[in-house]
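Order-wise, the sequence lines are chains A, B and C.
In terms of the numbering used here, the first sequence opens at residue 1 and continues consecutively.
In terms of the numbering used here, the second sequence opens at residue 1001 and continues consecutively.
In terms of the numbering used here, the third sequence opens at residue 2001 and continues consecutively.
Simulated from the structure, these hints should not be mistaken for lab results.
Simulated crosslink set (EDC-like; lysine to aspartate or glutamate; CA at most 16 Å straight-line):
id	chain 1	residue 1	chain 2	residue 2
1	A	K162	A	E36
2	C	K2132	A	D290
3	C	K2267	C	E2196
4	B	K1267	B	D1227
5	C	K2132	A	E298
6	B	K1132	C	E2298
7	B	K1162	B	E1196
8	A	K132	B	E1043
9	B	K1132	C	D2290
10	B	K1238	B	E1119
11	A	K162	A	D227
12	A	K267	A	E196
13	C	K2162	C	E2298
14	A	K132	B	D1290
15	C	K2238	C	E2249
16	A	K162	A	E196
17	C	K2132	A	E43
18	B	K1132	C	E2043
19	A	K132	B	E1298
20	C	K2162	C	D2227
21	B	K1047	B	E1036
22	B	K1238	B	E1251
23	A	K238	A	E251
24	A	K162	A	D33
25	C	K2238	C	E2119
26	B	K1162	B	E1298
27	B	K1162	B	E1036
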Amino acid sequence: MSATHFQLDPQGRLLHFLTIEGLTRRHLTDILDTAESLHGVAERRVKKLPTLHGKTVVNLFFEASTRTRTTFELAAKRLSADVLTLNIATSSAVKGETLLDTLRNIEAMQCDMFVVRHEQSGAAEFIARHVKPHIAVLNAGDGRHAHPTQAMLDVFTIRRHKPDFSRLQVAIVGDILHSRVARSLIHALNILGAGEIRVVGPRTLLPAQVETLGARVFYDPAQGLRDVDVVVMLRLQKERMEGALLPSEQEFFQRYGLTEERLALAKPDVLVMHPGPINRGVEIDSRVADGPRSVILEQVTNGIAVRMAIMSITLGNHARPAGETP
Amino acid sequence: MSATHFQLDPQGRLLHFLTIEGLTRRHLTDILDTAESLHGVAERRVKKLPTLHGKTVVNLFFEASTRTRTTFELAAKRLSADVLTLNIATSSAVKGETLLDTLRNIEAMQCDMFVVRHEQSGAAEFIARHVKPHIAVLNAGDGRHAHPTQAMLDVFTIRRHKPDFSRLQVAIVGDILHSRVARSLIHALNILGAGEIRVVGPRTLLPAQVETLGARVFYDPAQGLRDVDVVVMLRLQKERMEGALLPSEQEFFQRYGLTEERLALAKPDVLVMHPGPINRGVEIDSRVADGPRSVILEQVTNGIAVRMAIMSITLGNHARPAGETP
Amino acid sequence: MSATHFQLDPQGRLLHFLTIEGLTRRHLTDILDTAESLHGVAERRVKKLPTLHGKTVVNLFFEASTRTRTTFELAAKRLSADVLTLNIATSSAVKGETLLDTLRNIEAMQCDMFVVRHEQSGAAEFIARHVKPHIAVLNAGDGRHAHPTQAMLDVFTIRRHKPDFSRLQVAIVGDILHSRVARSLIHALNILGAGEIRVVGPRTLLPAQVETLGARVFYDPAQGLRDVDVVVMLRLQKERMEGALLPSEQEFFQRYGLTEERLALAKPDVLVMHPGPINRGVEIDSRVADGPRSVILEQVTNGIAVRMAIMSITLGNHARPAGETP
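Next up, chain A with everything else stripped away, as it sits in the complex:
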């Protein structure tokens, strides 16, 4: 059974959130609708709901990420959960414990949810397969494979501005090869029936056979950005680049960086998105990042509502005996 099915119970309900692949439009729409109803919570005077009161959420971060960890922590706290953050790289590794023993021990502490960030593809799925059935596992980014909560906050942000996906043209620009964000986003857009998905970048930063994911390939941004509704700029993953795939950051900016001139090729009401943190002057010009078409900070805000939604849904499905209707 592949990860795509493993994350669902026999009734097809989400038990974990490991990857977008294999989910239905209904799954994604449920998450988006729940996130929409939770979005207002942060505007209220008391930004908390009792949904996860008495539950324990464990952040298992094998790879540093202040931003992602923080949004998951806030999402859990706003649902009234207790949150435990374990930086695994620096803790039990000292005593030479294996990953599985560490997991077994944490699950024995009767936690309810693991949020997993790992530099290796498949790590979250591996953990989901080995923890006890009452624990929900959320993938907060695994290697080059997937970053499904980021993809969901991206489509949530798009939907709030442009609810009709059928006519949507989305360009994803930059280092597609190393980007788990891109892979997850392409899947989500396809499932939601987006009109056209384009990937734009130099040949060296596009994965082989990227078309099979359901995306059109453009090497030239002058063509790839023409008339699009959304531009998603990817971060140049300097820390992930092995070997010299690119001559220099400067050259990348010159050929692919999102400037006002290039942005003018897109629709006038184009949305500019970026998963952050941005490299100003590398993949995006500051005037665009801070300009009127940018929704980059909205993405951050939306990330909390979307993560609250995914936490509520997966733990809710764990609480209900299989077969019971909600």
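Add chains B and C to chain A, keeping to what the hints say.
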């Protein structure tokens, strides 16, 4: 006044939890009974009790221990306390403050409980002697001296399976010399009237005059494990070993490691225990650690209930004026 | 508009707490009165108020400070806020994000308050000027500039013992030049109408034109301490000293250290204060630090009530639309 009496008030009630020595069977039974009633909390939908709402528990860890720190943190949070974790080695030491000044400052912040882990024997007692009387101090492991909450979760785990201690034969195997776990456990088992306590290990890893603690010494596991009800394997404390007390880990495993063959010498319903983290293939074979007689992960689960019990009891005794009946 | 006015709304109410300069006696008295009412909370069985339930307080510490961070964290938790601590130096700096981008991201997570500690003067004000208007910014120490919550807890501590400021003589002794504590305290004492403020120290550790702040200068402690009501000893900021302003710590203690002999020059009911952590035998003798006139640990306790008061007031003023009367 020694630590054994210092942790009690004039009525003999627990104010701190520093060492098992000097406690009565009544003290231990109270903790075990309270832990039993709290054990069910983690099974409930809402895993929280309001017992310590508004109290502040400070984890003072002078020595790294993710596992122990985490279980104390969870225990405190499940009792609704606020938890503050201070890694002392890396903080005020920078500014050259003395330990006592650090303590005085934290107690001035009106905290209610200190959970202390320190590499020096007697550190928790030293702290208990110097803090203000309203603060309860729990020893989470001090040097080679004591690890009394671990001993309590061990006897709690045994009692859940084998409630009659009078006929119990328990073998503690391995590095007794460096083990605070072993010292505390021997005391607890004696107080609870265990039938026979055996320590099993090479001469170099047994403390001089260990018999005076009330344990029978075996150098040969073939004899030490015969017909026992419980085997407690100790972690080979590689990081504590000074000098060459042992030829190699391999030789240790060959002579003392718990294999299925050796385990067959014990009673058929023997319990296999280990304080964790385990060294697979050093003190225990994986087939035994993961086998049907192992209760190693139950120990972790039980550790939370036992720590919740000790927190409730000691803080409860602080709240009541001396002499008042509960 | 300078920081002194920037922290107030058009009605003159506190929106941020960046500096004591420019505040009125009314502002300070409001804080002190609120702190007085909160001071009793820590004595209660349940040390919590629901004031900030559902609010998120972010500790942005660009400079390590366990003590200050801890008191802010406790203050926020005792007001039932969720607290997030970000050690900026070690997190997003890794990915090369600019300070402003980090801020924008955290504010997009819909936090309500930033507590800022930074080694550069003006950092807290810079942040307050750039965050969204719904966020309150508290200065927890910026460079040599200000440490206004420390000044407030100092005057709070004085007022509890000596409520009539008009006749008060206060000596601030030591390294005035590098001390943000001294600068903030001098302002607070002046605003509250203290009788006389003295600064006492070697010429090399007094700022040029310190008299313009409203303080009398003494190079000789024998004169500076005579008949004072309060002595505030400053910490010798070894880590801030650039160049050889002082021959040695020993010489400093000999010439300025607070000994019982020197203290005898002051009023019999003098208060001995110190912002901590103290350097025993450098700026203060242990017999004085631990003696009957010392209120150093009271300062720590009071710091929590004062910070709770400032958090409540600033967030309360954010919640009320400008122009609305409380």
